[in-house]
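Residue numbers (this note's numbering), protein chains in the order written: chain A, 6 to 283; chain B, 108 to 487; chain C, 5 to 73.
Mixed in with the good hints, there may be bad ones.
As the list claims (entries may be wrong) - Simulated DEER-style distance windows between Cβ atoms:
(1) A:R267 / B:C457: 54 to 62 Å
(2) C:L43 / B:K351: 30 to 38 Å
(3) C:A36 / B:K312: 39 to 47 Å
(4) C:G54 / B:E308: 33 to 41 Å
(5) A:D161 / B:A291: 56 to 64 Å
(6) C:T51 / A:R230: 21 to 29 Å
(7) B:A291 / A:K15: 48 to 56 Å
(8) A:K15 / C:E68: 19 to 27 Å
(9) A:K15 / C:N45: 29 to 37 Å
(10) A:G91 / B:E288: 41 to 49 Å
(11) A:R267 / C:L43: 52 to 60 Å
(12) C:T51 / A:E235: 28 to 36 Å
What the hints assert, rightly or not - In silico PhoX-like pairs for lysine-lysine, Cα to Cα no more than 25 Å straight-line:
(13) A:K225 / C:K38
(14) B:K351 / A:K15
(15) B:K411 / B:K481
(16) A:K9 / C:K8
(17) A:K234 / A:K257
(18) C:K17 / A:K9
(19) A:K61 / B:K351
(20) C:K49 / A:K228
(21) B:K317 / B:K370
(22) C:K32 / A:K228
What the hints assert, rightly or not - These stretches of chain A come out as covered by chain C in the derived footprint (C-beta under 8 Å, 3 or more residues):
(23) 15-26
(24) 209-221
Just so you know, these hints were derived from the structure itself, not from any lab.
Where a beta carbon is used, it is the ideal one built from N, C-alpha and C, also for glycine.
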Amino acid sequence: MFYKYSDYLKTEAQPYMWCPGCGDGIVVRALAEALAELNIPPHQVVIATGIGCWGKADDYFSTHAFHGTHGRALAFATGIKIGNPGLHVIVLMGDGDAVTIGGNHFIHSARRNIDLTAIVVNNYNYGMTGGQYSATSPLASHTATSPRGVPEPGFDVGALAETSGAVFIARSTAYHVLQIKKYIIQAIQKKGFSLVEVMSPCPTHFGRRNFPGGPLAMMKYLKGRAVPKERFDKLADHERIKYIATGVMANKERPDFLTVYREINPAKQLAELGGVKK
Amino acid sequence: MSRPKGMQLLQGNEACAWGAIDAGAGFFAGYPITPSSEIAEICARELPAYGGVYIQMEDEIAGMAAIIGASLSGKKTFTATSGPGFSLMQENLGVGIYQEVPCVIVDVQRVGPSTGLATRPAQADVMQSRWGTHGDHAIIVLSPASVKEMYYLTVRAFNLAEKYRTPVILLSDEVIGHLRENIALPEANALDIINRKQPYEEPEKYLPYKPDDDGIPPMAAYGSEYIMHASSSCHDETGCSNSKPDTNQKLLTRLRTKIYSNKEDIVQVECFGPADAETTIIAFGATSRVCKQAIVEANKKGMKVNLLRLITLWPFADEQVQAVLEKSKAVIVPEMNQGQILGEVQRVNCTNTPVYQLTRIDGELFTTAEILSKIREVAI
Amino acid sequence: MTKKIEAIYINEKNCKRCGYCIEFCPAKVYGAAKDGLPLVNDLEKCTGCGFCELRCPDFAISVEVTVSE
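Starting from the given sequences, assemble the full structure and let the hints guide the process.
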């Protein structure tokens, strides 16, 4: 059986609830195309989401799905994966869910290298609740709770993942549609904690406040500021602030949590030693 | 390193861990906290031999989340904590209730609030176990009073969780958790084990939250051909979010009825002492043990007293407590808190029977003398 | 191998008039209606690259292509 992208989606729920020009729908398409290219049966997939606009995606997939509490998607997903290691568990989080309220679970999931695919759509604010700032909103940007500018710098999500030990890290933008799909495929195939970050327009909030001119304005910004990692690395520090590094940031080999756990706790031997009757 | 055979002196927490393993638990996720850590430690040591996994999450928020996730993937799961950790778990406990996910949460109560006294007993999480998570909800809470009950009530907690598709709380305390008593664990296959209802129609027809006539929906596992959608948002029978007015109305009504219409199955009490006594003590957990001793001594001295011990704290044993209030001329409610069960007793006190409060909030158990003194004061 | 662009279908119900397909089409196939709905100005220009399908956040575009030897 060969799957096509629409086999993973609830087409009857279209048009999806996202604003005109929101990047979420673009990433849904890329993810569905990636799953189809990998020909994974829908019932072997669990889409686990957090709270927020991107968190609504659980209603739109016809695969297994989970919608949890704000910031905790990775913790729920950890249980889902360990409960059935044969599943492809794909965790969809916004910037708030992944690295603001969810920061602790993000670093620990990467550290323990639980075999999950995390797709973070970063639109630099909390869109669903009206455009307040998040931990990725850039310093001095305008948001609902920073009318005179955000007084804190934003996280580099990729760097956070790198320090925490994620084995696969890639970043793209909502403009670079083929790249998104390519990285998602790599992330799903990679065993261990794999992250794909997609910088996205938020036409109604962050976009409207910082890039006036409709959805196209922020999308053109992302298109123009995206720079491949190799070129970004050669930029001087003061130049880097103006650009977004895209590409594969890390692709390492490290055994995932369950592999290590089973090696240290071999079930069969322990059962024999303990006289466990089946 | 292996399952205790024959009559053994086991610690309460140890018996709880074995109860979980014997009930079929395949996953523990939690965070160490005194006085519950022994449960985690024993699971870490023993679960792998039974094909299970122990994971120490980064906090209790994650622990509660992980046990919900693993249960949705088909495993029997549990966690163990105490007050501060129990507080952290509340939001995700609500997820478990709303999504109807079987799992067991052990709270070995200690003195609070806040950090309190980590190594001292209290019984002050009673109301939290009922209402700690926001929103309207029902919950099942069991209260063990011995090492034997730490084992058997843990098994019962898993069974109730599976039968009613709900989280179940085992509300223990530091005394019961750390007490050692003789217990002979039964043969594992001698236990009656209940498993969640599986879907029975064709996969295309399956709706994850469509209840059977008993009000409980069959539960598919992630990975099966029956597509499961579990959402923390208000959801309809498909599992998808639905904000139409009658959706939450119907859902919350069913979730409450699911528990409250089955009180006869869920609620357990123990009656101790002469049935015709007109002075009754209502107690639970560690306090009830002291009360039993006091009752034996009181009755020897000619004071007729008996005990109604609450084994199930929630749903509250309205009918059983009301029957006591109707029959008795004086009721004493001793608890290691400032009157949490007392309030419930008064709620059902339609006969205006005198109810006497006894509290202990200093991290120490009641003494037999204290209970006896109160009995002397109020006994008929 | 030749590609023939049979038709481009725009799902008016799904389309949210974001303008991405019009702006970013490499072959400038689309113009815009008054309300922003994409209109196929010149089907001949379409190369069947499929980018508009992937760029559309609302699954509102379908490019029907036949490939022959």
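Going through the hints against the structure:
At about 59 Å, the beta-carbon gap between R267 (chain A) and C457 (chain B) stays in the expected band of 54 to 62 Å. Look at L43 (chain C) against K351 (chain B): about 37 Å separates their beta carbons, and that is inside 30 to 38 Å. Distance hint check: the CB atoms of A36 (chain C) and K312 (chain B) are about 44 Å apart, consistent with the given range 39 to 47 Å. Range check, G54 (chain C) to E308 (chain B): Cβ separation about 39 Å, and the 33 to 41 Å hint holds.
For D161 (chain A) and A291 (chain B), the Cβ-Cβ distance of about 59 Å falls inside the hinted range of 56 to 64 Å, so the restraint holds. At roughly 27 Å, the beta carbons of T51 (chain C) and R230 (chain A) sit within the given window of 21 to 29 Å. Remark: the range hint 48 to 56 Å for A291 (chain B) to K15 (chain A) is upheld by a beta-carbon distance near 54 Å. Distance hint check for K15 (chain A) and E68 (chain C): the Cβ-Cβ separation is about 23 Å, which falls inside the suggested range of 19 to 27 Å.
A hinted range of 29 to 37 Å for the beta carbons of K15 (chain A) and N45 (chain C) is consistent with their spacing of about 33 Å. G91 (chain A) and E288 (chain B) have their C-beta atoms about 42 Å apart, which keeps the hinted 41 to 49 Å range intact. The supplied range of 52 to 60 Å is met by R267 (chain A) and L43 (chain C), whose beta-carbon atoms lie about 58 Å from each other. Between T51 (chain C) and E235 (chain A) the C-beta distance comes to about 29 Å, which sits within the given range of 28 to 36 Å.
The suggested pairing of K225 (chain A) with K38 (chain C) holds, with an alpha-carbon distance near 22 Å, which does not exceed 25 Å. Taking the CA atoms of K351 (chain B) and K15 (chain A), the gap is near 20 Å; set against the 25 Å cutoff, the hint holds. Using a Cα cut-off of 25 Å, the hinted pair K411 (chain B) and K481 (chain B) holds, with the two alpha carbons roughly 13 Å apart. Taking the CA atoms of K9 (chain A) and K8 (chain C), the gap is about 21 Å. The hint holds against a cut of 25 Å.
A hinted pair counts as satisfied when its Cα atoms are at most 25 Å apart, and K234 (chain A) with K257 (chain A) qualifies at roughly 17 Å. A distance of roughly 22 Å separates the Cα atoms of K17 (chain C) and K9 (chain A); the hinted pair therefore holds under the 25 Å criterion. Taking the CA atoms of K61 (chain A) and K351 (chain B), the gap is near 17 Å; set against the 25 Å cutoff, the hint holds. Between K49 (chain C) and K228 (chain A), the direct Cα distance comes to roughly 24 Å. Compliance with the 25 Å bound is thereby established for this hinted pair.
A hinted pair counts as satisfied when its Cα atoms are at most 25 Å apart, and K317 (chain B) with K370 (chain B) qualifies at roughly 22 Å. With a C-alpha separation of about 18 Å, the suggested pairing of K32 (chain C) with K228 (chain A) holds against the 25 Å cut-off. Coverage of the region 15-26 of chain A by chain C holds in this model, with 8 residues showing a Cβ closer than 8 Å to a Cβ of that chain against a need of three. Residues of the region 209-221 of chain A with a Cβ under 8 Å from some Cβ of chain C number 3, which satisfies the need for three, so the listed coverage holds.
The structure fails none of the hints (numbered hints given earlier).
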